[in-house]
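*Asks:* Taken in sequence, the protein lines are chains A and B. For the first sequence, position 288 (counting from the first letter as 1) is numbered 288 according to my numbering, and the numbering increases by one without interruption. For the second sequence, position 57 (counting from the first letter as 1) is numbered 57 according to my numbering, and the numbering increases by one without interruption.
Honestly, the hints are just simulated from the structure, not real lab data. Treat the hints loosely; a few may be bogus.
Now the stretches of chain B that chain A is said to cover, found in silico as 3 or more residues with beta-carbon under 8 Å [as the list claims (entries may be wrong)]:
#1 35-45
#2 94-102
#3 133-139
#4 267-280
#5 284-294
Straight line, CA to CA, 25 Å or less: simulated BS3-like cross-link-like pairs of lysine-lysine [as the list claims (entries may be wrong)]:
#6 A:K293 <-> A:K323
#7 A:K228 <-> B:K140
#8 B:K330 <-> A:K323
#9 A:K293 <-> A:K175
#10 A:K120 <-> A:K240
#11 A:K293 <-> B:K140
#12 A:K175 <-> A:K28
#13 A:K323 <-> A:K228
#14 A:K240 <-> B:K140
#15 A:K103 <-> A:K120
#16 A:K175 <-> A:K323
#17 A:K240 <-> A:K228
#18 A:K293 <-> A:K240
#19 A:K228 <-> B:K146
Just so we're clear, the structure is a prediction, and the values are computed from it rather than from any experiment. Beta carbons: idealized from backbone N, C-alpha and C, even for Gly.
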Amino acid sequence: MRFLTTLLGAAALALGTTAFADGHEPTKVGFIYVGPVGDFGWSYEHDQGRLAIEEAFGDKVETTYLESVPEGPDAERAIRQLAASGHDLIFTTSFGYMNPTLKVAEQFPDVKFEHATGFKRADNVSTYSGRFYEGRTVLGHIAGHMTETNTIGYIASFPIPEVVRGINSAYLAAKEVNPDVEFKIVWVSTWFDPAKEADAANALIEQGADVIMQHTDSPAAMTIAEEKGIYAFGQASDMKQFGPNARLSSIIDNWGPYYIARTQAVMDGTWESMDTWDGIAPGMTEIGEFSDKIPAEVRASAQAIADAIAAGEMHSFTGPVNKQDGSVWLAEGETADDGTLLGMNFYVEGIEGELPN
Amino acid sequence: MKTAALTQPILIVTALVTLALFALFSGLDPVLLAVSIIIAAQPLLLAALGEMVVEKSGVLNLGVEGMMIIGAICGFAAAVETGSPALGFLAGATGGAALALIFGLLTQYLLSNQVATGLALTLFGLGLAALIGQSYAGIKPPPFPKLDLPGLSDIPVIGPLFFSHDAMVYIALALVIGVWLFLGRSRPGLILRAVGENHDAAHSLGYNVILIRLAAIAFGGALAGLGGAYLSLVRVPQWNEGMTAGAGWIALAIVVFGAWRPWRVMLGAYLFGGVTILQLNLQAANLTPLWLLAFGFFLFAIWRTLTSRRPLELLGLWLATVLTAAIAAKYPISIQSQYLSMTPYLVTIIVLVVMSADRLAANLNAPASLGRVFHKTG
Chain A
1 MRFLTTLLGA AALALGTTAF ADGHEPTKVG FIYVGPVGDF GWSYEHDQGR
51 LAIEEAFGDK VETTYLESVP EGPDAERAIR QLAASGHDLI FTTSFGYMNP
101 TLKVAEQFPD VKFEHATGFK RADNVSTYSG RFYEGRTVLG HIAGHMTETN
151 TIGYIASFPI PEVVRGINSA YLAAKEVNPD VEFKIVWVST WFDPAKEADA
201 ANALIEQGAD VIMQHTDSPA AMTIAEEKGI YAFGQASDMK QFGPNARLSS
251 IIDNWGPYYI ARTQAVMDGT WESMDTWDGI APGMTEIGEF SDKIPAEVRA
301 SAQAIADAIA AGEMHSFTGP VNKQDGSVWL AEGETADDGT LLGMNFYVEG
351 IEGELPN
Chain B
1 MKTAALTQPI LIVTALVTLA LFALFSGLDP VLLAVSIIIA AQPLLLAALG
51 EMVVEKSGVL NLGVEGMMII GAICGFAAAV ETGSPALGFL AGATGGAALA
101 LIFGLLTQYL LSNQVATGLA LTLFGLGLAA LIGQSYAGIK PPPFPKLDLP
151 GLSDIPVIGP LFFSHDAMVY IALALVIGVW LFLGRSRPGL ILRAVGENHD
201 AAHSLGYNVI LIRLAAIAFG GALAGLGGAY LSLVRVPQWN EGMTAGAGWI
251 ALAIVVFGAW RPWRVMLGAY LFGGVTILQL NLQAANLTPL WLLAFGFFLF
301 AIWRTLTSRR PLELLGLWLA TVLTAAIAAK YPISIQSQYL SMTPYLVTII
351 VLVVMSADRL AANLNAPASL GRVFHKTG
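Pulled out of the complex, with its shape left as it was, chain A reads as follows (with noise of 0.2 Å):
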């Protein structure tokens, strides 16, 4: 017994050095997610990413998780607890932790972080996220020709820009195929409770909605949609499995080749602040496969609108467009500025309903 312990032992030792002598330490990537990997929304798409990163790399890297950290305060202690575990990147997956992730930049300037849909960036903290509102331009687009009772749900998580954003987008797109649309908007306060985005979802029909949108993360109103026979899309992940006759479509968020790309970069040694934002045509807001519950000439029109966004021929918020209160936001043919976007903080005309702030 003591031999073997002795000969493990040394065995390790040597490995340990040969591993510091050929300089091939693996680099280690770590990951905050405000959710459960198996979410099947979000935080299980991040975490394809960073499956992504592990077949790329092989063992030359090393990735690590920490999951259903909420945000605030409780985050900073888990970001902190990476970075002084030796990890060299790490990407903080959700709003709430721009400042946590920021005040732990600050004092591990060697590692990179990366933080998902903030704004704040610094020598060491670089931001990224999707154009989700092109995708939701597109769902927008189908939710208005495929409602009867022209009510379509809208399950809302917080009422920061990026949700706002995805609201405004869809309205727009759906109210210019169907003037009667009325948008229902319930906000849960949470990215993932799956008991309380179904009591939303179940509210929502009850009162007329025969569409559900969500941006939270667990895919239960599309089980309800699925269970009450109305329709839904997919949130951040396809979740066709849970609503096969309701899942009209979906936006999927495909962060595999940016989390390769930045990896390469910290490797490489090039890696650099810097603050991206992908919508359809770079892929990382992909459009799940059309429902043949969607005419087909509904489904070419949809699909032309989602070619001419990526070619860029065609802007999710194209004017005019009124704010809420009546006054000119964008005048005939103007489109909107990405500051105005990143900052948005009010609904369009039409939209009912004052904006929680």
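Place chain B on chain A using the hints.
*Replies:* Just chain B now, with coordinates in the frame of chain A:
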């Protein structure tokens, strides 16, 4: 004294009638609303009722969240594998009880700290459930049939309200009655309470404190498991990692605010479920949650009218009611979503505190040995 006994029923009936009228006036369907509320309340009711019995025996098990999630996945997996939701619920209860017994062994035989062990149980349960659940994502569980009594279930309003629920709603109600009778009206219940009040005295009388507590712990785990299974089989119905999302902690709070009384625990669960559903519906209907506040003032005013003789206080309360309602009617805007999400917690706490306030002495209903370690001596 006569009026005091009638106060609570009058309050509850008034609350229900006002709610129904309010729903009708704002274009919501009160029957659908009630059914949603009943479904939302069940997981909390089951878990809180079980925890109440555990605490009555003098044990504080903070692992409700962990037992619920284990119940959710065990129930889901069994229902999917066998095709029978009933077996699913049975498996959920068994899973919850099994996990609870780990806690029981650690705290009763190895005398570990109950608070720390309970917290660890939650972490362990969440992790274990995620592991078991790996292959159950994206699967549809078999539907749980709803009661369908020919004739009775078809009566408008009454049918959907009373005769068209799934079996668990009736079982939960039976459990509340059962626990109430057991704790308050039976000899074994008295022994269980004695163990919770003073375990040394109960021990010296010859009762097996450890065994009684283990039984209570297992019962509590089984009920938490049922609550979890209700979540994954009926309320959502799907398996999702971490899907309890804090329901276990709310159940724990309901036990305290329900002052360890079965009917108040039930009231607490319905209140929390009710306000959660109401605030979501108010949002969808674009109505301000100020209505909830006006509703709260209204109930408070009625309660004081029935019990107090101070005209100034009554005047103030009725004025507050009318004023909030007037503001809500004049400014039908929504408030910040954070405050909306807060309302279920706030309302539940306020109502239960208010209801307990008039009997402050009797309110000290917490078991005296709660959370204390029992050393078996002699």
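*Asks:* Broken hints, numbered, in rising order?
*Replies:* The structure breaks hints 2, 6, 10, 12, 13; every other hint is satisfied.
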